[in-house]
Amino acid sequence: MPETRPLRCAVIGAGRMGMVHGHLLQVYPGTELVGFVDPQRGTHERLSSQGLRAPVFTGILELLASASPEAVFICTPTHTHLAVTRQCLVRPLHLFMEKPVATSVADADAILALAREHRVMHAAGYVYAHLPIVEEARRLLAENVLGEVLRFSAHAYISEVFGPKSGWFFQRELSGGGVVANMGSHVLFILGWMFGRIRRVMASTRSHASTVEDSAHALLWFDGGVTGMLDTSWSMPGAQMLDYGITIDGRQGTLVLGREQILLHLLRPIGDHPEGWSEIHASDLPADTAFDISPHIGGESFYRQLRAFETACRTGHLPFCSLDEAANTQRMIEGIYASAASGQPVEVG
Amino acid sequence: MELALDLGSPESKHYRSWNERLRYVARYSRPEEIHVACEMARSVGVTSVMAVLDRRSEVALREFQVWRDISIWAVVPNMYAFIRDLTDRGMVGAALARFLRLQPKAMVATGVNALTALGPLARADFAAGALWLAEMELAAARGLHVRRVFLHPQLTEIGLAGRVTELFVEFARRVRASGLEAGLATHNPVMAFDVLGSALDSFAVFVAPCNALGYKMVPDRATAEALIRAYPGRFWATEMTAGQNLRLPEAFAHARTIGVAGSVVDLRAVEWLFDARHRHTA
Numbered sequence: 001m002p003e004t005r006p007l008r009c010a011v012i013g014a015g016r017m018g019m020v021h022g023h024l025l026q027v028y029p030g031t032e033l034v035g036f037v038d039p040q041r042g043t044h045e046r047l048s049s050q051g052l053r054a055p056v057f058t059g060i061l062e063l064l065a066s067a068s069p070e071a072v073f074i075c076t077p078t079h080t081h082l083a084v085t086r087q088c089l090v091r092p093l094h095l096f097m098e099k100p101v102a103t104s105v106a107d108a109d110a111i112l113a114l115a116r117e118h119r120v121m122h123a124a125g126y127v128y129a130h131l132p133i134v135e136e137a138r139r140l141l142a143e144n145v146l147g148e149v150l151r152f153s154a155h156a157y158i159s160e161v162f163g164p165k166s167g168w169f170f171q172r173e174l175s176g177g178g179v180v181a182n183m184g185s186h187v188l189f190i191l192g193w194m195f196g197r198i199r200r201v202m203a204s205t206r207s208h209a210s211t212v213e214d215s216a217h218a219l220l221w222f223d224g225g226v227t228g229m230l231d232t233s234w235s236m237p238g239a240q241m242l243d244y245g246i247t248i249d250g251r252q253g254t255l256v257l258g259r260e261q262i263l264l265h266l267l268r269p270i271g272d273h274p275e276g277w278s279e280i281h282a283s284d285l286p287a288d289t290a291f292d293i294s295p296h297i298g299g300e301s302f303y304r305q306l307r308a309f310e311t312a313c314r315t316g317h318l319p320f321c322s323l324d325e326a327a328n329t330q331r332m333i334e335g336i337y338a339s340a341a342s343g344q345p346v347e348v349g
Numbered sequence: 350m351e352l353a354l355d356l357g358s359p360e361s362k363h364y365r366s367w368n369e370r371l372r373y374v375a376r377y378s379r380p381e382e383i384h385v386a387c388e389m390a391r392s393v394g395v396t397s398v399m400a401v402l403d404r405r406s407e408v409a410l411r412e413f414q415v416w417r418d419i420s421i422w423a424v425v426p427n428m429y430a431f432i433r434d435l436t437d438r439g440m441v442g443a444a445l446a447r448f449l450r451l452q453p454k455a456m457v458a459t460g461v462n463a464l465t466a467l468g469p470l471a472r473a474d475f476a477a478g479a480l481w482l483a484e485m486e487l488a489a490a491r492g493l494h495v496r497r498v499f500l501h502p503q504l505t506e507i508g509l510a511g512r513v514t515e516l517f518v519e520f521a522r523r524v525r526a527s528g529l530e531a532g533l534a535t536h537n538p539v540m541a542f543d544v545l546g547s548a549l550d551s552f553a554v555f556v557a558p559c560n561a562l563g564y565k566m567v568p569d570r571a572t573a574e575a576l577i578r579a580y581p582g583r584f585w586a587t588e589m590t591a592g593q594n595l596r597l598p599e600a601f602a603h604a605r606t607i608g609v610a611g612s613v614v615d616l617r618a619v620e621w622l623f624d625a626r627h628r629h630t631a
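Those protein sequence lines, which keep their order, are chains V and C. At the far end of the first sequence sits residue 349, using my numbering, and the numbering has no gaps. At the far end of the second sequence sits residue 631, using my numbering, and the numbering has no gaps.
Read the hints as simulated data drawn from the structure, not as lab findings. It is possible that some hints are incorrect.
[Said to hold, decoys possible] Here are some chain C residues the structure puts well away from chain V; computed CB gaps all over 12 Å:
id	residue
1	414
2	446
3	504
4	565
[To be verified] Partner residues are not named here, just some residues of chain V that face chain C (Cβ under 7 Å, in silico):
id	residue
5	41
6	43
7	44
8	45
9	50
10	238
11	240
12	259
13	277
14	278
15	289
16	290
[As the list claims (entries may be wrong)] Chain V stretches covered by chain C per the calculated footprint, using a threshold of three residues with CB under 8 Å from any CB of chain C:
id	stretch
17	22-33
18	153-166
C-beta atoms are modelled at their ideal positions from N, C-alpha and C, and glycine is treated no differently.
Put together the whole structure using the sequences plus the hints.
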């Protein structure tokens, strides 16, 4: 594909996330929004009133026949992702899948297998992993600044569910679960990216407001020997947006990842990093963002996520946020549910 | 340089730790603490309060305005609350819930306006919906002395991405028709100026990130600063301390050199300024 031509992209599902991706695809210089697919009547009027100018199709085959996309952004409810992927991959289209990628490991693996079979690029929408401060924390770990990583503790809290809720998002069979699948999974993805393949999970979950789980505690064992705990809840007062943090202990020090900064404590100087406490702030890192679609939720990470995917489609090299990595996240999600149901540790490797 | 206090809900801010978050949220959930914050803010030179209107801030500010003259910059509609409602009630249900909370007089006024836009509203037209929600929230806040009105950034950035110029033009027209000034708060000021074109003059002020590290300055520091310098006195700076990474005196000094009219500062900055003044006078 010549580098100068925009990548032709379509969005399947014109809900809230589909709309966000549609806008970014229009604004981003390396992509062209060529169509939406949504069966709901009135979608075209609704989208065009927002300035989303691409044609709306009621079915995927119609989109493929008329708009010739090279990549699709799948933003339909989670339980439909596998079926939609099958329909899209009658042609070799690059796949961007909103998170969580599936309602089960079996579906996530099937989606990944399809992507591999058709030799297309793929990515999952775990958007917080694209924040510069998160990427920096991952880089520090990869550079072995902490030495051998031993353990971590993590949290992901938001104020969202304080009573009965309705809609597909709160039906396990449609959305894939509750806070673990839909909020905690952001941190699970980052943990998998940092520590590798998940091996074992022990968890408890609790529904105290909605019909899905509203909070969970999970002990996670990774293949490389790292162990740690995630505490997550969407019924925590005080956080309009996802508040997350990860504290990682290694033999050479400790790294505390927050929303806008990394606190690093080292037992001795490592590279450019001094002994004792130091801080890396998000504002010390380049954001390289030409448009911020959602300054207060996700911020520049949406733009960076799109760039990672577009670059992958052009270069043929899978991005770090590939469906392989997302399948690891899906194993953690399913492991947490299985362990919570059985009250026993679950081997998920 | 003029100052405005950002009194957005403490739950919507980023903090260095969960404990810091709880401390701020618990403190500024109490109306009397909001009064104290506004009083501290006034004493360090703050002349305006910028707030996404929710029940808590609205009540506290109404009480505060009984004994103090401070101008309110209202950010409408409260999109965080609206999006939460959307999940439960759907678009129509969420809008209707807001309508039913209005006083009868405001209900009639906004209801009549809604009738004139019934077609677009029924089609979930973006501009019609955004304007109706904004109008309902403003109507509900009639007891406040509001000077400037801003569209919520969630709507602003989507409107800018889609280049929906008519949303901004109509928003400014309606705000001015009600005797108030329209402002625009965005993280994408360069795009905003491009989209607004000749409608720029309908907006009294623009609020955008401005700091010496280029933090949150889109598309990049140089381009955003060039725009601010080209329109001296039109911009107010946010993110002046680059997420608490710069000291306030240096942050102010930098903002002055760029030529902003004022700065929108948060509660932490007001606390710092207040303490600094008392250290100085002690």
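Are any of the numbered hints broken by this structure? If so, which, sorted upward? Failing hints, ascending: 3, 4, 5, 6, 7, 13, 14.
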